[in-house]
Amino acid sequence: MSALPWSPMAVELWLAAVIAILIWYDLTAAADDKPKIAILAIAGLLPVFPLAFAHPERSGAFCSGMYLLDPLARGFKAFFALTAILVIAMTREFARHITRGIGELYLLILTATFGMMMLASAGDFLMLFIALEIITLSFYVMTTYLRTDEKSVEAGMKYLILGALSTGFLLYGISFLYGYTGSTNFAALREAIARSPTLPPWPLLGFLLIVAGIGFKVAAVPFHWWAPDVYEGAPTPVTAFLSVGSKAAGFVVLLRLLHGVFEPASGVWMGLLVWIAGVTILYGNLVAMAQMNMKRLLAYSSIGHAGYLLIGIAAASGLGAAAVTYYLGGYLFTNLAAFLVVIAVFNATGSDDLTAYAGLSKRAPVLAAAMFVALLSLAGVPPLAGFVGKFLLLMAAVHRGLLWLAAIGAAAVVISLYYYLLIVKRMFVDPPADPTPIPVSRPVRWGLYGCMAGILAMGIWQQPFLALAVASVRSLFS
Amino acid sequence: MAITLAHYLVASGLLFTIGIVGVITRRNALMILLAIELMLNAANLSFVAFSRALGHVTGQLFVFFIMIVAAAEVTVGLAIIIVMAKTRGATDADALRSLKW
Numbered sequence: 001m002s003a004l005p006w007s008p009m010a011v012e013l014w015l016a017a018v019i020a021i022l023i024w025y026d027l028t029a030a031a032d033d034k035p036k037i038a039i040l041a042i043a044g045l046l047p048v049f050p051l052a053f054a055h056p057e058r059s060g061a062f063c064s065g066m067y068l069l070d071p072l073a074r075g076f077k078a079f080f081a082l083t084a085i086l087v088i089a090m091t092r093e094f095a096r097h098i099t100r101g102i103g104e105l106y107l108l109i110l111t112a113t114f115g116m117m118m119l120a121s122a123g124d125f126l127m128l129f130i131a132l133e134i135i136t137l138s139f140y141v142m143t144t145y146l147r148t149d150e151k152s153v154e155a156g157m158k159y160l161i162l163g164a165l166s167t168g169f170l171l172y173g174i175s176f177l178y179g180y181t182g183s184t185n186f187a188a189l190r191e192a193i194a195r196s197p198t199l200p201p202w203p204l205l206g207f208l209l210i211v212a213g214i215g216f217k218v219a220a221v222p223f224h225w226w227a228p229d230v231y232e233g234a235p236t237p238v239t240a241f242l243s244v245g246s247k248a249a250g251f252v253v254l255l256r257l258l259h260g261v262f263e264p265a266s267g268v269w270m271g272l273l274v275w276i277a278g279v280t281i282l283y284g285n286l287v288a289m290a291q292m293n294m295k296r297l298l299a300y301s302s303i304g305h306a307g308y309l310l311i312g313i314a315a316a317s318g319l320g321a322a323a324v325t326y327y328l329g330g331y332l333f334t335n336l337a338a339f340l341v342v343i344a345v346f347n348a349t350g351s352d353d354l355t356a357y358a359g360l361s362k363r364a365p366v367l368a369a370a371m372f373v374a375l376l377s378l379a380g381v382p383p384l385a386g387f388v389g390k391f392l393l394l395m396a397a398v399h400r401g402l403l404w405l406a407a408i409g410a411a412a413v414v415i416s417l418y419y420y421l422l423i424v425k426r427m428f429v430d431p432p433a434d435p436t437p438i439p440v441s442r443p444v445r446w447g448l449y450g451c452m453a454g455i456l457a458m459g460i461w462q463q464p465f466l467a468l469a470v471a472s473v474r475s476l477f478s
Numbered sequence: 479m480a481i482t483l484a485h486y487l488v489a490s491g492l493l494f495t496i497g498i499v500g501v502i503t504r505r506n507a508l509m510i511l512l513a514i515e516l517m518l519n520a521a522n523l524s525f526v527a528f529s530r531a532l533g534h535v536t537g538q539l540f541v542f543f544i545m546i547v548a549a550a551e552v553t554v555g556l557a558i559i560i561v562m563a564k565t566r567g568a569t570d571a572d573a574l575r576s577l578k579w
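Sequence order for the protein chains is W and X. Under the working numbering, the first sequence has 150 at position 150, and the numbering climbs by one with no breaks. Under the working numbering, the second sequence has 527 at position 49, and the numbering climbs by one with no breaks.
Don't read these hints as lab results, they were simulated from the structure. Keep in mind that the hints are not guaranteed to be accurate.
Covered stretches of chain X, as calculated for chain W (at least 3 residues, CB under 8 Å) [as the list claims (entries may be wrong)]:
no.: 1; stretch: 499-506
no.: 2; stretch: 534-548
Chain W stretches covered by chain X per the calculated footprint, using a threshold of three residues with CB under 8 Å from any CB of chain X [what the hints assert, rightly or not]:
no.: 3; stretch: 37-49
no.: 4; stretch: 78-85
no.: 5; stretch: 124-132
no.: 6; stretch: 318-325
Glycine included, C-beta positions come from ideal geometry on N, C-alpha and C.
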């Protein structure tokens, strides 16, 4: 294999080729053949895993520092590929609600994934900006995909306005950093910031604007208002992709920026991040209690989870960074399992309301069991993935002496258990309004089994996953 | 009076503020999109000004990419506004009320 020419961008080049071929296929194939793009796209994503981890010795910065290929980038490329595969499988289940252009929807999932992979490797603000825009532009279209549905169009409009606004903040912030340091390259910026770790006003303003811009993407309070509306209105697979892929992309950027570029100035931003994390956790979990729509509830819970992840960022330590990656890994399986059930229930009942889940255990035991495990993992109950992730995050906070932040995190677990268990009660205790069994298709069943296996594995055999998480963030601190 | 970096930065700051105020106060989706474009152009102006003051072209390069991406964003944005006008018969942001808690 080593004799073959190899590019550091092998993953992106491969994916670009797959996208180009599928665009051609979508243009030329007969209408009946277009749903096959899903299978082709999944097949196209599979080689990403070996490609992402190929030639571990050839890591480093490429293209004059624009493109980084380090363990963090490699790990997250695999993460995004796995997310995309599951989302495409979900989209196949949801496809019956999309009247036109199902082929393009799969293509947009791939382009967003492509952007996420570039983002994981960004070593320069120019690259970061373009990768981020590839992702959000794909998401604008995907969110609006149910063109005749008022909710979907409204979600798309809101996402567009707030997304473009956050881009404005981000760019304005980058321009100040550029003006201060004369560079947009992460390595050069880090050196410049290390020389003045107290951040003079100009770069500080730039830094705050950049954090605001990324804060929008990860839906951290006070930049969260778009999330509930967009999550509720968007087609469910897109919501799932937003809640896992887009959020993870935002956290890769935060890891790179705060634990990398701005690490020398951590004294300046730690306090700020601690506040944002605490408020985000409380807000997300408290408002989630009042929700009656499943997608909206999961949106608020995902705001709460962004808060938990921010604990790891705020801790500004290797343990914090490793905890963030571990938590994201568990969150992938957990959230995608929950959204798979949401799609299956929506297909059968035509509703996302919590009332549609009444007596689910009698109508479809597999769905109810999967939702049960996913909700407990989201809440952080042992021995599931969510517990280990939360435990690591809180441990990182305690190590840094952020005791009250850890206390908020622990208290929010109890709050979240309350509303998650209310759903469990609906599913297992309440009588179903309509007792007809819900058919569970084979892909849904296998997708759920896969996610369950992931949740349990990450909860019980922590060691290999933790080693992976630690290895992936090590390069940030070298 | 010579025009210095500070003048450009004040102009770009004003543009950015006008953009934010526009996003907040305007009710028409098209006008909001225009206001956001103003914010992006404020960033462009400060990039070019810094680029000139620093004497290298990285900033100007950045501006080209911003312009291209902004054009793409507007394309998608206008498409969404057209869809919105079709489903609701209005491009008013106040019409966006079916999603709330």
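How the hints compare with the structure:
no.	hint	verdict
1	499-506	violated (count 1)
2	534-548	holds (count 8)
3	37-49	violated (count 0)
4	78-85	violated (count 0)
5	124-132	holds (count 4)
6	318-325	violated (count 0)
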